[in-house]
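Top to bottom, those sequences are chains A and B.
Sequential numbering from 1 applies to the first sequence in our numbering.
Sequential numbering from 1 applies to the second sequence in our numbering.
Watch out, some of these pointers could steer you wrong.
If chains are identical, the list can't say which one is meant, so a pair holds when it fits in one copy or spans any two.
Calculated cross-link-like contacts (lysine to any residue; reagent style SDA-like; alpha-carbon spacing at most 25 Å) [what the hints assert, rightly or not]:
#	residue 1	residue 2
1	K307	G31
2	K307	P43
3	K120	I303
4	K103	G225
5	K103	P213
6	K203	R219
7	K307	G29
In case anyone wonders, no lab produced these hints; they're calculated from the structure.
Just so you know, these numbers come straight off a predicted model, no measurement behind them.
Number of protein chains: 2
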Amino acid sequence: MPYNFYAGPCKLPESVIERIRNEFTDYRGSGMSVMEISHRAQPVLDLLERTQEKIRRLMGLAVDDDVLLLQGGGTLQFSMIPMNLSAAGDPVDYIDSGYWAAKAIEAARQLERDVHVAGKAHDTIPTALDIRADARYLHVCTNNTVMGTQWQGIPESRVPLVADMSSDILSRNIDTGRFALIYAHAQKTIGAAGVTVVIVPRKTQEMIQPGLPSFFDYRTHADAGSNHHTPPVFAIYVVECMLDWLEKEVGGLDTMETLNRDKAALLYETLDASTLFRCPVPSESRSMMNVVFDAVNPEIVSIFSQKAEEAGLLGLQGHRSRGGFRASLYNAVTLEEVETLAGFITDFEHCYG
Amino acid sequence: MPYNFYAGPCKLPESVIERIRNEFTDYRGSGMSVMEISHRAQPVLDLLERTQEKIRRLMGLAVDDDVLLLQGGGTLQFSMIPMNLSAAGDPVDYIDSGYWAAKAIEAARQLERDVHVAGKAHDTIPTALDIRADARYLHVCTNNTVMGTQWQGIPESRVPLVADMSSDILSRNIDTGRFALIYAHAQKTIGAAGVTVVIVPRKTQEMIQPGLPSFFDYRTHADAGSNHHTPPVFAIYVVECMLDWLEKEVGGLDTMETLNRDKAALLYETLDASTLFRCPVPSESRSMMNVVFDAVNPEIVSIFSQKAEEAGLLGLQGHRSRGGFRASLYNAVTLEEVETLAGFITDFEHCYG
C-alpha cells in the first residue's frame, strides 16, 4: 500500500475505507447500497440530519447554526458568498494569503463587488491588516495549501468574518463563534470530493440580499435541510463515516489537533536539520496540513522524486504553480506514515548529502 | 433484497454494485480507493477522459462535443443555461411539460429573462407549440417524472433546442445531433447522485455571454476537461461503471431501449387490464421510465401501500406534489422485477377486486 501525501483528494483512514466497503451492499439493513436509496426516504433523511448534527457537535457550533451540505466545491462558494452577503458595488474585504484566496478575490471582482485587499502575502501569513469599517465582510483562507502557510490565530475583525477552511476544517480546535460563515469542501480533512460544508449562522442569514435566484440563496438550502434538490448522498455518507472516526476512533478534536501538531513538528524538524532540503516558510506561518520544501541543490530534485516514488511515497510534487515539494498531512495521515517520510528524507540525506 | 422502484436516487445494477465494492480498496492496482487519488494524478485524469469518451460513443455525439461532468444537479443547470445562452431581458422559450420543467422556467424568470411558455400541459405531452422565432433557445424536459409523461419524438424547433434528459438519458436512442445542449444528472439512469452530465457542442459555445463569472461559464469547464476545480471523482467513477455495464452487459443502447420498452409495456398492460387501478396518462404520452397510476377506489390506497411494503416493493408512492402511485423503471430495474410488480398487482386484484 502506498504512502499517500496527496494534497486532496487524499488518504482516508483505513478503517473508514473498510467500513464503507463492508456497508456498501447493505446500508443499515436496507438491503440496498446507500447510493440506491431515494433522498426522500427515511434512511437518507436521517443521514442528512445526523451528519449536520455531528458537524455541529464536533465544531462546537450553536444549535441554530445551519450546516449546509452543498455541491460545487469551495469554488462555487467563491461566488455564492459575495452573491449572498453583498450587492454589486458593495465593499467587501479579502486577505490575499495564497493561491486559493486569490481565486476567491477574482470571483468577487467578476461579480462586480468593490473588492479591497486588506492584507497580502503568500510566503508568510499577512500581518498588517487594513480592513475597511464598512466592508460587508472580511474573507480569510485559514490554511494555504500551495505555499504551506496557515493562520495560527483568527484575524481581529470588526466586520463579519468569512472563512475558507477547505484544507483545515476539523483538524484543530478553533473558536467557531468568531465567524459569520465557514465553508470547506470535504476532500481534504473530512471526506471525499463531491460535498461542501457551509455553516451559516441565523444572524448571517439576515444579511442575505433580496432577489437572489433561489438556488444561490443559502436560505433555500437551510430551509430544506440541504434537501432542496438531490444531495450528493454518497459523499455525505463518507463525511459521516469520517466524523464517526474522528469522534470515536481518534477521540475527538483535541486529540486530532495534538496528533496533527506532532506529525507536522516531526517533518519540519527533519527538514530544518537537513542540508539537502529546506522549508521556506517562517516557523510562525507554517501549516500543519501542507509541508512545503525545496531542494537546496536543484540537481537532486529528479533523483529524490524517483526514489520517493520507488519507495511508494506518493503526492510529494509541489503545486503546479510553485514546483518544489509538498507533503500533505491531513487528518487521515498517520504519525507512522510521517515517520516513514521523515526517515526516508534522513536516509536520502545519508546517501546524497 | 427489496424491489427498488424509487424515482431517483434509485436502483443500480447488482453487477455494478458488486464491481464497485470489489474495486473499492484498490483502484486499478493503485493500492488506494478511487476516492483517495488526487484529481491531478493520472488515474483520475484517465477516468475523466474515458468517461467523457464513453458518453460520446454511447450517445453518438460529435468528436468535438464537450461532455462536462459538473456538480450542482439539474437544478444548477436551470440557472446556468439562461446565464450562458442569453442575457437579462433576452427572449427564451420553454415548454412547461411538468414539475421540473416549471422549476427551470422559474429559475430563468428569477434571472430576469423574457420567458415565454411555448406550450403547456402536465397530464399529457403538449402538442401545439408556439415558439418565438427570436428565442435564444427552446427548453424541453424529455421525460416528466412526476406525472409520468415522456416525449416520444423531439419537438420541431428552428431555435436552438436545450434538453433536460435527467430522467431518460441513455435509456433510448435519440438523435442527439438535434440538440444545442443536453443535460442530465446521473442518479436515475446512469449513476448515483453527485454529478451532472452537460453536453455542449462547440457551436453552442459561441452563444455564451461575455462577462460571465468564470465558474458559471461552460467554457471554463470544457477547457479544463471538467477538472477546473476538484470534480466529484467517486460519482464520476460510478458513471463509468454504469456506462461499461450498458455497453458490455446490456449490449448497447438499442438493447437497453428494447428492454425498457418491454418493461414499461408489461406494467401498462397490467394497469390497463386492472379494475382497481388506472393509469391516467394517454398512451401516446406515457413514460417508459415512470409509470404513474391511481387507485380507482381511494379506500384501497392504504392497504395496497401496506401490502406492497410487506412484499418488499419500495418507492411506489407518487411524488409528494401529486400523490397516487408511481413505479420508476429506470435502466437498472430488470424485467423480472417488473414482472414481480405486475404479478403483485394482479394478485392484489384477485384478493381485493
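Is it within, between, both, or neither for K120 and I303, if the alpha carbons may be no more than 25 Å apart? neither (35 Å within a copy, 67 Å between copies)
For K103 vs P213, is the C-alpha pair at or below 25 Å within one copy, between two copies, both, or neither? For K103 and P213, both the intra-copy (23 Å) and inter-copy (12 Å) Cα distances are at most 25 Å.
How would you classify K203 and R219 at a CA-CA limit of 25 Å: within, between, both, or neither? For K203 and R219, the Cα distance is within 25 Å only inside one copy (12 Å; across copies 37 Å).
At most 25 Å between C-alpha atoms: does K307 with G29 qualify within a copy, between copies, both, or neither? Close across copies (20 Å), not inside one copy (46 Å); limit 25 Å.
When no copy is named, should K103 and G225 be tagged within, between, both, or neither for a Cα gap of at most 25 Å? between (29 Å within a copy, 19 Å between copies)
Should K307 paired with P43 be assigned to within, between, both, or neither, using CA atoms and 25 Å as the limit? Classified as between; 20 Å across copies, 47 Å inside a copy.
Same-copy or cross-copy closeness of K307 to G31 [CA-CA at most 25 Å]: between (46 Å within a copy, 18 Å between copies)
In the structure shown, a violation is registered for the earlier hint numbered 3 alone.
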